[in-house]
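**Student:** The lines below spell out each chain.
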Amino acid sequence: MRRLTLPVLALLCSFAAAPAAAVTSGSAAPDFVLKSAAGSNVRLSEMRGQVVMINFWASWCGPCRQEMPLLEKLQQRYARLGFVMLGVNVEEQSQAAQKFLKDVPVSFPILWDTSNSVSRLYAVKAMPTSVIVDRDGKVRYIHPGYKAGDENTYSDTVRALLRE
Amino acid sequence: MRRAATPLLIVAALALGGCAIEPWVAPYERANLSDPIMSFSRDPVSASYMNHVHEVREGARGAGSAGGGGCGCN
Amino acid sequence: MAATRSGQRYGLLAALLLAGGAGAAVLPEDRADLLYHSYDGGGVEVSGPSLLVRKSLGDSVSVYGNHYVDTVSSASIDVLTTASPYADERTEQGAGVDYLRDGTTLSLAYTNSDESDYKADTVSFDISQDMFGDLTTVTLGYSQGNDKIGKSNDPAFAATATRQHYRVGLSQVISKNMLLALNLETITDQGFLNNPYRSVRYLDPLSALGYSYEPEIYPATHTSDAVALRARYYLPYRAAVYGEYRRYGDTWGIDANTWEIGYLHPWRENWLLEFRLRQYSQEAADFYSDLFPRQQAQNFLARDKELSTFSSRSLGVTVSYDPGLHWNFIERTAFTLSLDHIQFNYEDFRDLTKAAAPGSEPLYEFTANVLQLYVSLWY
Chain A
4 MRRLTLPVLA
14 LLCSFAAAPA
24 AAVTSGSAAP
34 DFVLKSAAGS
44 NVRLSEMRGQ
54 VVMINFWASW
64 CGPCRQEMPL
74 LEKLQQRYAR
84 LGFVMLGVNV
94 EEQSQAAQKF
104 LKDVPVSFPI
114 LWDTSNSVSR
124 LYAVKAMPTS
134 VIVDRDGKVR
144 YIHPGYKAGD
154 ENTYSDTVRA
164 LLRE
Chain B
3 MRRAATPLLI
13 VAALALGGCA
23 IEPWVAPYER
33 ANLSDPIMSF
43 SRDPVSASYM
53 NHVHEVREGA
63 RGAGSAGGGG
73 CGCN
Chain C
17 MAATRSGQRY
27 GLLAALLLAG
37 GAGAAVLPED
47 RADLLYHSYD
57 GGGVEVSGPS
67 LLVRKSLGDS
77 VSVYGNHYVD
87 TVSSASIDVL
97 TTASPYADER
107 TEQGAGVDYL
117 RDGTTLSLAY
127 TNSDESDYKA
137 DTVSFDISQD
147 MFGDLTTVTL
157 GYSQGNDKIG
167 KSNDPAFAAT
177 ATRQHYRVGL
187 SQVISKNMLL
197 ALNLETITDQ
207 GFLNNPYRSV
217 RYLDPLSALG
227 YSYEPEIYPA
237 THTSDAVALR
247 ARYYLPYRAA
257 VYGEYRRYGD
267 TWGIDANTWE
277 IGYLHPWREN
287 WLLEFRLRQY
297 SQEAADFYSD
307 LFPRQQAQNF
317 LARDKELSTF
327 SSRSLGVTVS
337 YDPGLHWNFI
347 ERTAFTLSLD
357 HIQFNYEDFR
367 DLTKAAAPGS
377 EPLYEFTANV
387 LQLYVSLWY
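Quick mapping for you: the protein sequence lines, in order, are chains A, B and C. Take 4 as the starting number for the first sequence in the working numbering and just add one per residue. Take 3 as the starting number for the second sequence in the working numbering and just add one per residue. Take 17 as the starting number for the third sequence in the working numbering and just add one per residue.
By construction, these hints were calculated from the structure, which means they are not laboratory data. Hints are supplied without guarantee of correctness; some may be wrong.
Claimed, not checked - Keeping only pairs whose Cα atoms sit at most 16 Å apart, straight-line, the calculated EDC-like set for lysine to aspartate or glutamate is:
hint : chain 1 : residue 1 : chain 2 : residue 2
1    : A       : K150      : C       : D271
2    : A       : K128      : C       : E45
3    : A       : K150      : C       : D49
What the hints assert, rightly or not - The calculated label-pair distances, taken between Cβ atoms and stated as ranges, are:
hint : chain 1 : residue 1 : chain 2 : residue 2 : range
4    : A       : A99       : C       : G81       : 46 to 56 Å
5    : C       : L341      : A       : V107      : 52 to 62 Å
6    : C       : L289      : A       : R83       : 49 to 59 Å
7    : C       : G340      : A       : S97       : 14 to 24 Å
8    : A       : Q96       : C       : D364      : 50 to 60 Å
Ideal Cβ positions, reconstructed from N, Cα and C, are used throughout, including at glycine.
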């Protein structure tokens, strides 16, 4: 059995593929187009000039559901100052998410990433993940996960970027 | 089977090896895994009771009941 | 009465702990469960409540408390042949805390079990770590138990036993639809490990029955290893199947295999149905015999049916109903009914209530019904 340890380890390590072009703070936000819940296509680059927060979420993810109403508050507070929230739903099938949105309605665009191409593009490492993009289209802040109080950090970051 | 140490060594080697693995199931692909029906311990109060019922009447013991369903869903 | 063997006292605790460590980098949900349980089979009736309450404190700490009662009335085969029926009560109290930080969960727990002639204290520590992009969770655990054994008909009798558990667990995401879990546990105990009330029988030409009884004698040490592999698979129409295999071996010569398969089927939004089949079989301990050839035939003697060669088969059904109720701080409720029917078939333990020449009595068998009824609240 011990003779197997090294080969097993080597095999497991061989799964370590080169990571997808990492989205890091300071890099240009990769552009994408997704169909929105309203039916129209939304392209990220068309938001240039605004501060954009991209939130990757799923209806099966508890913390995502928890932060949704708080994201709506953020949208309501900063929309008129040049801010837009994009809720990127990562589910292959959208029914559960649509049902959830009936209970917790939001005014910002919900985008369907049913093929996960955008989730892959942004190398989403946790659910939820929030990415904040500045007016010049640069990624300025990446936040994996959500726990109570994180909305204050979102708010501070958005406010600072709006002032730039 | 008497040697619980060998698997332990493998686990420790993996843990300490620290090789970075690109997950083959991404966090956003865990819709099904996060469903409560996929939990190894859906109702702890019931699982522990059944475990008790079995251990009282059987010679075997240990490694019973639910043991972590980690799917990193949330 | 120490109607039960000592090892069982850890089952509840271990299960609670393992459940506590479950779920990668998330603390267990805040919930309370009130369970009524009932076991009826082989002349033994055991019933009582169990209450398990869990609550998180802040983002990284979750605490729980458990209160469990067994009210026993026994006219089991052992009692009918060598003693008189009795009633007793066992109370178990437990408390634990889980601390989560950056994918590592630390768990600490204490359990106390108390019956008139048996007291047991256990402390446990478990550490669980997510790794490899949260696809893998590794858990290491240790428990220590101290038992004090008495005898209801002999106030002078006092004995002790100590127990240590070493656990390793690995759970692995295999695919978008499949989970695997591997658990290993070594348990080693020392001290007074048998049941002070139980006897063995031996051939005795001077007795009218042809046999007589003498107290059983177990070795003072016992070490066991168990390894279990569990898999769960999500079916495309939202249902799940699971399978489990456990292999067990110990220094007393018992070898056991357990198989279990099950199917979970959500129905109409509010209902969840589960069906399961379980098969257990074991080879007897080296020092077990239904009938020893003479008095003091060997240094260790046992005639516990739990140490004999036998198999059991069970069929279980669980129905859970979530009425969609939520009010105030209660977010969700569920009502669950669970039934298991178990058939035990002994291969070298004879039914002495049926008169026959010693060693030719019919083999013992019995069925048991296990009922659980519980209410769960999430808050």
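**Student:** Do the beta carbons of A99/A and G81/C sit within 46 to 56 Å of each other?
**Tutor:** violated (34 Å)
**Student:** Does the structure keep K150/A and D271/C at a Cα separation of 16 Å or less?
**Tutor:** Judged against 16 Å, a Cα distance of about 48 Å means the pair is violated.
**Student:** Between the alpha carbons of K150/A and D49/C, is the straight-line distance 16 Å or under?
**Tutor:** violated (26 Å)
**Student:** Would you say the C-beta atoms of L341/C and V107/A sit inside 52 to 62 Å of each other?
**Tutor:** For V107/A against L341/C, whose Cβ atoms are near 19 Å apart, the range 52 to 62 Å is violated.
**Student:** Is K128/A close enough to E45/C, meaning Cα to Cα at most 16 Å?
**Tutor:** violated (23 Å)
**Student:** Does the Cβ pair L289/C, R83/A satisfy 49 to 59 Å?
**Tutor:** With Cβ atoms ~51 Å apart, the hint holds.
**Student:** That 50 to 60 Å hint for Q96/A and D364/C (C-beta), does it hold up?
**Tutor:** holds (56 Å)
**Student:** Verify the CB-CB distance for G340/C and S97/A against the hinted window 14 to 24 Å.
**Tutor:** Taking Cβ atoms as reference, G340/C and S97/A lie about 22 Å apart, which means the hint holds.
Violated hints for the displayed structure, listed by number in ascending order: 1, 2, 3, 4 and 5.
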